[in-house]
Structure formats: structure tokens, C-alpha cells
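All chains should be modelled from the sequences, with the hints used to inform the complete structure.
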Amino acid sequence: MNNLKFSPLKKLEIILEGEHQEFVTDLLDHAGVKGYTIVNNLSGKGSQGFHEGHLMFNEDAVLNMIITAVPEHLVNPIMEGFAPFFNKHSGVVFVSDIQVTRLEKFNKN
Amino acid sequence: MNNLKFSPLKKLEIILEGEHQEFVTDLLDHAGVKGYTIVNNLSGKGSQGFHEGHLMFNEDAVLNMIITAVPEHLVNPIMEGFAPFFNKHSGVVFVSDIQVTRLEKFNKN
Amino acid sequence: MNNLKFSPLKKLEIILEGEHQEFVTDLLDHAGVKGYTIVNNLSGKGSQGFHEGHLMFNEDAVLNMIITAVPEHLVNPIMEGFAPFFNKHSGVVFVSDIQVTRLEKFNKN
Chain P
2 MNNLKFSPLK KLEIILEGEH QEFVTDLLDH AGVKGYTIVN NLSGKGSQGF
52 HEGHLMFNED AVLNMIITAV PEHLVNPIME GFAPFFNKHS GVVFVSDIQV
102 TRLEKFNKN
Chain E
2 MNNLKFSPLK KLEIILEGEH QEFVTDLLDH AGVKGYTIVN NLSGKGSQGF
52 HEGHLMFNED AVLNMIITAV PEHLVNPIME GFAPFFNKHS GVVFVSDIQV
102 TRLEKFNKN
Chain F
2 MNNLKFSPLK KLEIILEGEH QEFVTDLLDH AGVKGYTIVN NLSGKGSQGF
52 HEGHLMFNED AVLNMIITAV PEHLVNPIME GFAPFFNKHS GVVFVSDIQV
102 TRLEKFNKN
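Top line first, the protein sequences correspond to chains P, E and F. Just so we're aligned, residue 2 is where the first sequence starts under the working numbering, counting upward by one. Just so we're aligned, residue 2 is where the second sequence starts under the working numbering, counting upward by one. Just so we're aligned, residue 2 is where the third sequence starts under the working numbering, counting upward by one.
It is worth saying that the hints were derived from the structure and are not from the lab. For clarity, every value in this text was computed on a predicted model and none was experimentally measured. All C-beta atoms, glycine included, are put in the ideal place defined by N, C-alpha and C. Hints are not guaranteed to be accurate.
[Unchecked claim] Partial list, derived from the structure: chain E residues whose beta carbon lies under 7 Å from chain F:
1. Y37
2. I39
3. V40
4. V63
5. H74
6. Q100
[Said to hold, decoys possible] Heads up, simulated PhoX-like pairs for lysine-lysine below, C-alpha to C-alpha not over 25 Å straight-line:
7. F:K12 - E:K12
8. P:K89 - F:K12
9. P:K11 - F:K89
10. F:K11 - F:K35
Right under this line is the structure:
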């Protein structure tokens, strides 16, 4: 079976307050990233104290993780787009190496 | 303390519509994979448009991520088993290198 | 833009029954780990049988995944701290290489 597509990409896992999610997804859209997956209602502890997902009264304050896979040459432009945001807001980005199938969903045309 | 087991494995993160979850877990079971973890109710955007987990009326249409760890020699057979499925259905598989403890839960006898 | 901080770290993904979550977060706190993110209400299948998150009656029995990023020199001490726990309890730890921005949230002063 030779129709399986396998390509090295960079996985970004972006964890931030849910209220700022659109800033990230808009930036990914503009960078040509076609697909991402969002894990909602995370809890987290960071320098800003403990955010307990299911005890939050303000729904906008819960944490989300946005997972996407991008070609390596997009990592730096995306990170530079995030930098001013993460200088002001709580959040973190994990970058790692992955192999991905169905590249057409994650790559620019 | 020498009783901690550490082994290099491949992590598979399989993101697909929840209604097809059993196809994947059955295939993993048949491949001898003993353990996996499922993150339910993901949102996602891909070439099929935006799937907003918490707004879905049809519970079966939300996205799930199935996380598992397998020995390297199982990656290709599993991927070849997935290929016909991903030619027809929305979804993606991320493959990455990990070190795992408690290998006995993730490896074939 | 040169103010983006990028550092190689080890990502730990610790999957265990939610009722034991505090053991892990306390150990991480004592190891000087400043931040972690928790994905709640996972389903899982392992040698202990199938744990179906949304069908659980006992809320304490669902699985959680605790995600954190630590400097490499902390991996072994943390793992050795986990070892007695994982000899008695269900769970798994995935260790992988990542690049992280906002290191100050995940590193010891």
C-alpha cells in the first residue's frame, strides 16, 4: 500500500487562556495553516496561579490547547507573530518534531 | 532506584471524528496495542470546515484524539491499516518519538 | 524580533487516575517545576480494563493527563520519585523532546 503520505513537520501546542484563542487561530490562518485541533477546558498552574477549569465562573478564563502541524519554515514567522502576545499574556508554546499523514490538511496549497 | 522501565517508543496521536473511533481502537487492538488514552470533545478546523465540539448537535460528530505508544515495528503496519480509512474520512495521525515508562502496558507480550 | 525565548526541554505527559493527581503535582512542585497543564476526563484502555470517562459514576476514577516541560536534569529525579507510585498504581509517563518559549514559566529560577 503506497498511498499513505508521511512528512516531517513541526507540531505546535499552544496553551493559553481561551479568551485569546482567536488571536492564535487568526494568526495561524494568515500563515496559511489549514488545520488545527483545540482541546478545551484545561486546568493549569503557572506563574499566574492555578486555573481550575471546572471551577471557573468566567467561561472565558479557562485554558485551551491549540494543536497544529506546520512545515518547518513556518515555525519562526509564526513564533515571531506570537512573541508580542506572549510578552503580555499568560501562555506557552511547545514545538516538537512529528511525522504526519494527510499532509494536505496541514500544509499550504 | 532501578525498577523504573524506560523504552523508546513511537507515540501515535490519531485525531478523527468520534463516530469512527471504534475503527481505530479495533485496529489497535488487533495490532496488539494494549493501551490507549482518548481525549474527547475536541474542536477542530480542517479542510472539512470547522468542527466546534461544544456546539455539535450530533454527539457522534465531535472529534476525539486517541493517544497510544507502540514499538517502532508496529508503526508501518498500523499506518497501512489506517490508510484506506484516511483516504475516505477526515482525520490526521501524528507520529513522534517518546520515551515511555510502564512499557508492559503498551507493548505486545 | 529577538525577544522570543526558545529552549530545549523535556515534555512529560503523565496519564493517571484523577484521584492520584495531587501526588504528581506535589512531586512536580517540590522538584521546582513551575507550570503544568491538566487535561481532565480522559478515557483510556490499559491492562486494568477500559475506563470510559463520561460513563464513570465515581468522579475520582476518571483519567487525567498532566502535561509539563522540565529541564533535562530534572527528568531522572522526577521519574525516580514517580517509580514507587507506578509500581502500585495504573498510569503511564511519556517523555519527549520539545522546544519551549516562555521558559521562565517552566524552569527553576
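Name the hints, by number, that the structure is in violation of. 4, 5 and 9
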